[in-house]
Every structure is written in C-alpha cells, then in structure tokens.
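Participant: First to last, the sequence lines map onto chains A and B. Take the first sequence: its letters are residues 1 to 116, numbered as in our numbering. Take the second sequence: its letters are residues 1001 to 1115, numbered as in our numbering.
Just so you know, these hints were derived from the structure itself, not from any lab. Among the hints, erroneous ones may be present.
[To be verified] Result set (DMTMM-like, lysine to aspartate or glutamate): computed pairs, CA atoms no more than 20 angstroms apart in a straight line:
#: 1; chain 1: A; residue 1: Lys41; chain 2: B; residue 2: Asp1029
#: 2; chain 1: B; residue 1: Lys1038; chain 2: A; residue 2: Glu104
#: 3; chain 1: B; residue 1: Lys1102; chain 2: A; residue 2: Glu87
#: 4; chain 1: B; residue 1: Lys1003; chain 2: B; residue 2: Glu1015
#: 5; chain 1: B; residue 1: Lys1102; chain 2: A; residue 2: Glu104
#: 6; chain 1: B; residue 1: Lys1102; chain 2: A; residue 2: Glu63
#: 7; chain 1: A; residue 1: Lys41; chain 2: B; residue 2: Glu1010
#: 8; chain 1: A; residue 1: Lys41; chain 2: B; residue 2: Asp1022
#: 9; chain 1: A; residue 1: Lys41; chain 2: B; residue 2: Glu1044
#: 10; chain 1: B; residue 1: Lys1102; chain 2: A; residue 2: Glu52
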Amino acid sequence: GAVVSQHPSWVICKSGTSVKIECRSLDFQATTMFWYRQFPKQSLMLMATSNEGSKATYEQGVEKDKFLINHASLTLSTLTVTSAHPEDSSFYICSAATGLGDNEQFFGPGTRLTVL
Amino acid sequence: AQKVTQAQTEISVVEKEDVTLDCVYETRDTTYYLFWYKQPPSGELVFLIRRNSFDEQNEISGRYSWNFQKSTSSFNFTITASQVVDSAVYFCALKEVYGGFKTIFGAGTRLFVKA
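Assemble the whole structure, with the sequences as input and the hints as a guide.
Facilitator: Dropping the structure here:
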C-alpha cells in the first residue's frame, strides 16, 4: 500500500513554543490530508481536513489559530501547534488520500508531542 | 450524524481462545465504508479491512473474520485462536461518502491476550 511518513516521530518542547509536524505521502499524490489527535487511551479525533492549495476545514471545537495547517503541495502537509501548552500533549496522526471521495486513506505513523 | 460504538472497552482472553469485537454504527448515508484498524503499542495504525455498504459478504483472512450485517448496523470482528501478538487496541471506523468524507473512529477495544 501507499506510504505516509511523519516527522518528527516524537518531540518534546517547552510551554509557549511552537512545534511543526510534517506529513508526507511518499509514493502518491495526496489531494486530501486529514489530521487526527489521540489522547492516551482514547480514540482518534479528527481535527481538520485539508485539500491541496486551499484552506483547511476544521472540526468543531478545534482552534484554527492554534493548530495551523498548511497543505501547499500534493505530497506535504504541515501541522503547527502554536504556543503549545501541556494540554496539547498528544499523539498526532495524519492520513492522506488521493481525493476527498477516495475510500482509501493511508495513515502516517504518528507524532508524539510532549509539552513541558 | 455518523457514529461508531464499540461497547467493549477492554477484553482479556487466554491464548488460543476465540474473541469477537463488536462494532455498531449509525449513519444516514446509503453509501459508506466501514473499516477495522489495529493499533499496537507503537501507535501506528494497521489497516485490517474495508467494507462498502453494498457488500454484505462476510470475509475471512487467516485467523480474522468479519461479519457485516446492515439489518443491525453491525460490523463485528472475530479473531480465532488468538495469539499474544494480537494484543492491541482495535478501532472500528466509518466513512460516509456524501457526509463530508470524514472517517470517524469508535472508542476502540483494548484486547489483552495472555499466554
């Protein structure tokens, strides 16, 4: 199957700093990318959907100014957690699809963020 | 609105036992996809199966089998002769085709298989 990578795989930062997480589709063009957040022992919660070249659509309750998503190319989407706080510590997972209606969705390995 | 319910939070079995993980979903769409994923301790999701709403055939893949019943909106997953390596969290997920194309996950079932 198609491969999606995330970088970094884990990151520790101080409260108040910003952290950028990259999501890349390695062998296909991802028109649509999704970002999920997973707190310990909880399910994956969809944060936002982004289509290449347009603004991301955020789920209710997700602050778009805090979680900046950029999908500037067909193989790269980035999630920037701005002014991170300890409550933002979580496992962030991206997934990519060739199109919005595509039934295949490929998941990255996740990025574990710890904010001290 | 779409919803996925996995009522079993944790299941513990002894190796070689069979175990069934339940999944019940809600959707207004007539066209949708159902998925099962495995999440081992490493965190990376492992895709297990995808089923579209028009295909109610049950599927078997090795020790894994899935029972899809539209009449009860259920998509249950059975592992036969469980093994310690099956220990993980299993998620059932639903994607509506006309409801925004979002994949929504159930709460997950944590499976412990003891030797």
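Participant: Now look at each hint and say whether the structure bears it out.
Facilitator: Comparing the hints with the structure gives:
1. A:Lys41 - B:Asp1029: Distance ~30 angstroms between A:Lys41 and B:Asp1029 Cα, so the pair is violated.
2. B:Lys1038 - A:Glu104: Holds. B:Lys1038 to A:Glu104 sits at ~16 angstroms (cutoff 20 angstroms).
3. B:Lys1102 - A:Glu87: This hinted pair is violated, its Cα atoms lying about 25 angstroms apart.
4. B:Lys1003 - B:Glu1015: 32 angstroms, violated
5. B:Lys1102 - A:Glu104: 12 angstroms, holds
6. B:Lys1102 - A:Glu63: Between B:Lys1102 and A:Glu63 the Cα gap is close to 18 angstroms, so the pair holds against 20 angstroms.
7. A:Lys41 - B:Glu1010: Given that 20 angstroms is the threshold and the Cα spacing comes to 11 angstroms, the pair holds.
8. A:Lys41 - B:Asp1022: 18 angstroms, holds
9. A:Lys41 - B:Glu1044: 14 angstroms, holds
10. B:Lys1102 - A:Glu52: 16 angstroms, holds
Consistency with the previously given hints fails for numbers 1, 3 and 4, ordered from lowest to highest.
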